[in-house]
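Residue numbers (my numbering), protein chains in the order written: chain G, 1 to 310; chain V, 1 to 241.
Just so you know, these hints were derived from the structure itself, not from any lab. Accuracy of the hints is not assured; some may be wrong.
[Stated by the list, open to error] Here are the simulated DSS-like pairs of lysine-lysine, each with C-alpha atoms no more than 27 Å apart in a straight line:
#, chain 1, residue 1, chain 2, residue 2
1, V, Lys23, V, Lys146
2, V, Lys23, V, Lys150
3, V, Lys91, G, Lys67
4, V, Lys104, G, Lys77
5, V, Lys2, V, Lys104
6, V, Lys23, V, Lys2
7, V, Lys23, G, Lys233
8, G, Lys219, V, Lys64
9, G, Lys137, G, Lys233
10, V, Lys227, V, Lys64
11, V, Lys104, V, Lys23
12, G, Lys77, G, Lys137
13, G, Lys243, G, Lys233
14, V, Lys23, V, Lys91
15, G, Lys233, G, Lys67
16, V, Lys146, V, Lys2
17, V, Lys91, G, Lys77
18, V, Lys91, V, Lys104
19, V, Lys104, G, Lys137
20, G, Lys137, V, Lys91
21, V, Lys104, G, Lys233
22, V, Lys146, V, Lys91
23, V, Lys224, V, Lys64
24, V, Lys64, V, Lys230
25, G, Lys233, G, Lys219
26, G, Lys137, V, Lys2
27, V, Lys146, V, Lys230
28, G, Lys77, V, Lys64
29, G, Lys77, G, Lys67
30, G, Lys219, G, Lys137
31, V, Lys2, V, Lys150
32, V, Lys2, V, Lys91
33, V, Lys146, G, Lys67
[Stated by the list, open to error] Covered stretches of chain V, as calculated for chain G (at least 3 residues, CB under 8 Å):
#, segment
34, 104-114
35, 180-188
Even for Gly, the Cβ is constructed at its ideal location relative to N, Cα and C.
The lines below spell out each chain.
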Amino acid sequence: MHPAISVIFFTVTAGAGYGLLFILAFANLANLSGSISPDQITSMGIVGLVLVTAGLISSTFHLANPKNAWRSFTRFKTSWLSREAVFAVLFYPVSIIWLAFEFFTGNSTTTAFFAVLMAVMALVILVCTAMIYASLKTIRQWHTPLTPVNYVLLGLLVGALILAVMFAQQGLDVGRLLGLASVILVVAALVKIVYYYWIGQPAGPSINTALGFTRATVKLLDVGHASDTFHTKEFGFQVARAKLIWLRFISIGLAFVLPIVLVTGLLGNVGLGTLVLAAISAYAGVFVERWLFFAEARHVVNLYHGARRT
Amino acid sequence: MKLGLVIDLDTCVGCHACAVACKQWNTSGTTGPLTDYDPYGEQPSGVWFNRIRHYEVDEYPNNKTVNAPMSCMHCDDAACVTVCPTGASYKREEDGIVLVDQSKCMGCNLCAWACPYGARELDEDQGVMKKCTLCVDRIYDENLPKEERKPVCVMTCPTSARFFGDFDDPNSQVSTLVRERSGYSMMPEVGYNPVNKYLPPRQRPPAPTVEKKEGGSSASLIGKWMKRQKDAFNDLGKGAR
Numbered sequence: 001m002h003p004a005i006s007v008i009f010f011t012v013t014a015g016a017g018y019g020l021l022f023i024l025a026f027a028n029l030a031n032l033s034g035s036i037s038p039d040q041i042t043s044m045g046i047v048g049l050v051l052v053t054a055g056l057i058s059s060t061f062h063l064a065n066p067k068n069a070w071r072s073f074t075r076f077k078t079s080w081l082s083r084e085a086v087f088a089v090l091f092y093p094v095s096i097i098w099l100a101f102e103f104f105t106g107n108s109t110t111t112a113f114f115a116v117l118m119a120v121m122a123l124v125i126l127v128c129t130a131m132i133y134a135s136l137k138t139i140r141q142w143h144t145p146l147t148p149v150n151y152v153l154l155g156l157l158v159g160a161l162i163l164a165v166m167f168a169q170q171g172l173d174v175g176r177l178l179g180l181a182s183v184i185l186v187v188a189a190l191v192k193i194v195y196y197y198w199i200g201q202p203a204g205p206s207i208n209t210a211l212g213f214t215r216a217t218v219k220l221l222d223v224g225h226a227s228d229t230f231h232t233k234e235f236g237f238q239v240a241r242a243k244l245i246w247l248r249f250i251s252i253g254l255a256f257v258l259p260i261v262l263v264t265g266l267l268g269n270v271g272l273g274t275l276v277l278a279a280i281s282a283y284a285g286v287f288v289e290r291w292l293f294f295a296e297a298r299h300v301v302n303l304y305h306g307a308r309r310t
Numbered sequence: 001m002k003l004g005l006v007i008d009l010d011t012c013v014g015c016h017a018c019a020v021a022c023k024q025w026n027t028s029g030t031t032g033p034l035t036d037y038d039p040y041g042e043q044p045s046g047v048w049f050n051r052i053r054h055y056e057v058d059e060y061p062n063n064k065t066v067n068a069p070m071s072c073m074h075c076d077d078a079a080c081v082t083v084c085p086t087g088a089s090y091k092r093e094e095d096g097i098v099l100v101d102q103s104k105c106m107g108c109n110l111c112a113w114a115c116p117y118g119a120r121e122l123d124e125d126q127g128v129m130k131k132c133t134l135c136v137d138r139i140y141d142e143n144l145p146k147e148e149r150k151p152v153c154v155m156t157c158p159t160s161a162r163f164f165g166d167f168d169d170p171n172s173q174v175s176t177l178v179r180e181r182s183g184y185s186m187m188p189e190v191g192y193n194p195v196n197k198y199l200p201p202r203q204r205p206p207a208p209t210v211e212k213k214e215g216g217s218s219a220s221l222i223g224k225w226m227k228r229q230k231d232a233f234n235d236l237g238k239g240a241r
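Next up, chain V with everything else stripped away, as it sits in the complex (with noise of 0.2 Å):
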């Protein structure tokens, strides 16, 4: 098995909703607390296994604005496993999670140092490195409802941009989406084979606008307008599936 998400960048709307309910969920978890530091302070911080920042990508008229949810990658070729002097952090043979002993990190940070994508933060509090376990805690457990047995991350999200499955099997969710989305690693080029991919926006012509009337009247200027409207929805889609 090869469990990781796959993350759709055209539906997810960045409510941070994933992250808030990874924090709510694994704080009291395996490897928890995820502890907050000055929580009701002035410059509150803490443990997160899950972060989204928001980027524009291209120019006018063609921008975009783009939310990135990032998270452990799981990667094929961790290179913050083999980094790792005390062997506290390990990939599971069995579903290739990435996952970090407590009790026996020394908190060293050379793992974070290796990480390209940011996925694991030192808890300063308990002196021991943290990171995104795939909720496998709730993935295995018998004791709740099987359409339940899914990351918390995965379950919570209001727009469903987030999905958790086995991408060993070509059959399933996962990989279908990836191979008919076109869904693709990111910064591929330093070399860990992350198994998490990322599905990107769909292509979609720039959003009309009106432009200035050269005379006629204003009831031809409406019909204009209907039918740029009715040619941009019809290109929708386009280019994509």
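Only chain G is shown next, with the shape it has when bound in the complex (with noise of 0.2 Å):
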């Protein structure tokens, strides 16, 4: 598939900001760093929902035809894009009013309601984002329950890290909170590994049920068109094994080893500037690893195109 980055950078800076906002909360009613003031707590909240936002904007970007995107909100019933525009949109209104009881009335059983549903909210978003990709049953590499798993992973990882970076910051104390980020890397990086060893394995249509034609070889003699198409264009991207190999290198040591190195403290005391470079290092793991979630996914129309496998 074609990886677009306009559809890559919404997809890992708005699962950021759902991470983020659902760690904060979390940090908050579990107590997980003494108590964090209303501003505080206001203040966070806004960069993860500038996060949020930067990132559906940038997800217009993708559509020819964005002048119809209200139209997106119509087919919840069905449609799991359409389920994540009318979930990030009503989550607009929720962490608002979250954020807002949080400032004027601190902690209260209203605000700790309200926390609660953002935080649900955040989740669902997450899980609907990666189901438009995992419903799609043209491309196996995505069609796994392992694509919402690490979807949800990968968000509340990276803002997890980003929520260090401004505790550290206020001064609040963030050992607790490093703890849990460690163990979502850990996890995280699981279930990534597991992925990558499950996509290796030969599956699903092949040329010759694509064509029918299951007792005899079958190749390709002409694809009938001369130039490219939408299809080669949309679904005919291709990367070089190697490169997709030192890619995966690149992105699971930048998405998981450094940041755990850096936030164990096995390179020397967690300061300000090594939740920083953690916090930098994954969100950059986490972009290429979406990059190569688009470029490793092999659409079955290949196969009409030549291709003997998916």
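Combine the two chains into a complex, taking the hints into account.
Have a look at this one:
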């Protein structure tokens, strides 16, 4: 699949924003870092909303006809993209009410109610985004339960690390937050490695089932078009195998290995600089991971263009 | 009604006449134009509803060229319709034709991603998704003579390899062909239940080749060759209808 930068930026940045807001609400409710003042919660919450908004704006650059984008709220019953759009819009009033309660009334039952509602919605949106891809039976590298698990974990991962930077900058205790971040880092890394093994197994339709000749060899003689088509541009994207492997290592190194080394203090004291480096590294690593998520996805239409397997 | 096409892979010669006729009709049809990019340049490209690809099946001496025209299969379980967030993509209750409402489409490409058959193409000029309409603007047009109320690809096929009809009627031409010639769906394992069906090439023995003679007169060699031709001719169609 063609890796569109607008969609990659959207899923990574908005994902980090939702993850950040989820972890912020969790850290406050579970008292991970002593008492966080209402000002601090509100300002950190706004940073999360800025990330979400930047991502959502970027997502519209992917549309060929954005003037009809408002119609995407109308097919909630069947379309994951519609569900994502509806929840993404409903998320704003819920999160703003929550932040307003935090700011004006501090900790109260109502605040906690909106904190939980906002956190649940953040997770739901992450799942909806992932399900847009996971629901496509035409792309076996996406059509797996690992896709939503991966999207949720990576959103929480980048969100937790950005939140840790803000905690440290505000002079809040980051010890337990970093413990939580380390757990997410390890689990997310395992899920991603399992995913890479899983997509390495040949499976799904072949050129034989695509054309219905399952008892003989089939090969393409002529593709029937002289220059690029919508399908070759959208689905025909290919990267050299050696480059893919390198990018996988780079992505795992930046997204998981370096951050975990930094936040567990293996390279000395964990200060603000270390956390900034960890957050930037994780964001860049997840960005490469998301690029690979598209670049490694092979659509079944390629079978009609001569690919033997997906 | 369940309208769709049957395409005979045995008789299709891969001439692309159906695709050209489709482009000609539909570019001024209900979902036209079928925009061209750089039509007179080095790399002409554009929107097509129907594309023909050419394959070789099996190994020598049993190899056969198969030409596979592909357009929208008007699937019974069309994921392109369910994934569409705007409701632009829809399947008609009355005849099962899958269409795109051009005024609602936001050009997100998700339906094209969901389609295993490459039936949908984005018009980059207009920013909306386009696809085969099964010539919905011909088949119900009462101004046309009755025999012309069918998709233009079917009308134009010079080898009559394309058939149009109602699959819900067990006695229609398309239903009979599928029944008698073992019509099948492409990529059924994706589970979309495509309506369009393909008729497999008829079973034929490999084209006879002259073997090296082991002595004997030229007259008897010709006689042997004639006999092989005759046997091969008599074997035609064995295993098929």
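Taking only the CA atoms, is the gap from V:Lys146 to V:Lys230 under or equal to 27 Å? violated, 43 Å
Holds or violated: G:Lys219 and G:Lys137, Cα atoms, limit 27 Å. Holds, because 24 Å separates the two Cα atoms, which is no more than 27 Å.
Restraint check for V:Lys227 with V:Lys64, where alpha carbons must lie at most 27 Å apart: holds, 24 Å
8 Å C-beta criterion, at least three residues: is the segment 180-188 of chain V covered by chain G: The restraint on the segment 180-188 of chain V holds, since 5 of its residues have a Cβ under 8 Å from chain G and three suffice.
Next pair to validate is V:Lys104 with G:Lys77; report whether the Cα-Cα distance is within 27 Å. Satisfied, since the Cα-Cα distance of roughly 17 Å is no more than 27 Å.
Need the status of pair V:Lys146, V:Lys2: alpha-carbon distance at most 27 Å? OK: V:Lys146 and V:Lys2 at ~19 Å, within 27 Å.
Holds or violated: are the alpha carbons of V:Lys2 and V:Lys91 at most 27 Å from each other? OK: V:Lys2 and V:Lys91 at ~11 Å, within 27 Å.
27 Å Cα cutoff - pair V:Lys23, V:Lys2: holds, 24 Å
Hinted pair V:Lys23 and V:Lys146, Cα distance within 27 Å: Holds. V:Lys23 to V:Lys146 sits at ~22 Å (cutoff 27 Å).
Are G:Lys233 and G:Lys219 close enough, with their CA atoms no more than 27 Å apart? Holds, at roughly 22 Å.
Sort out whether V:Lys64 lies within 27 Å of G:Lys77, counting only the CA atoms. violated, 46 Å
Would you mind confirming whether the straight-line C-alpha gap from V:Lys104 to G:Lys233 stays at or under 27 Å? The given pair, whose Cα atoms are some 24 Å apart, holds under the 27 Å limit.
Of the numbered hints listed earlier, those contradicted by the structure are 27, 28 and 33.
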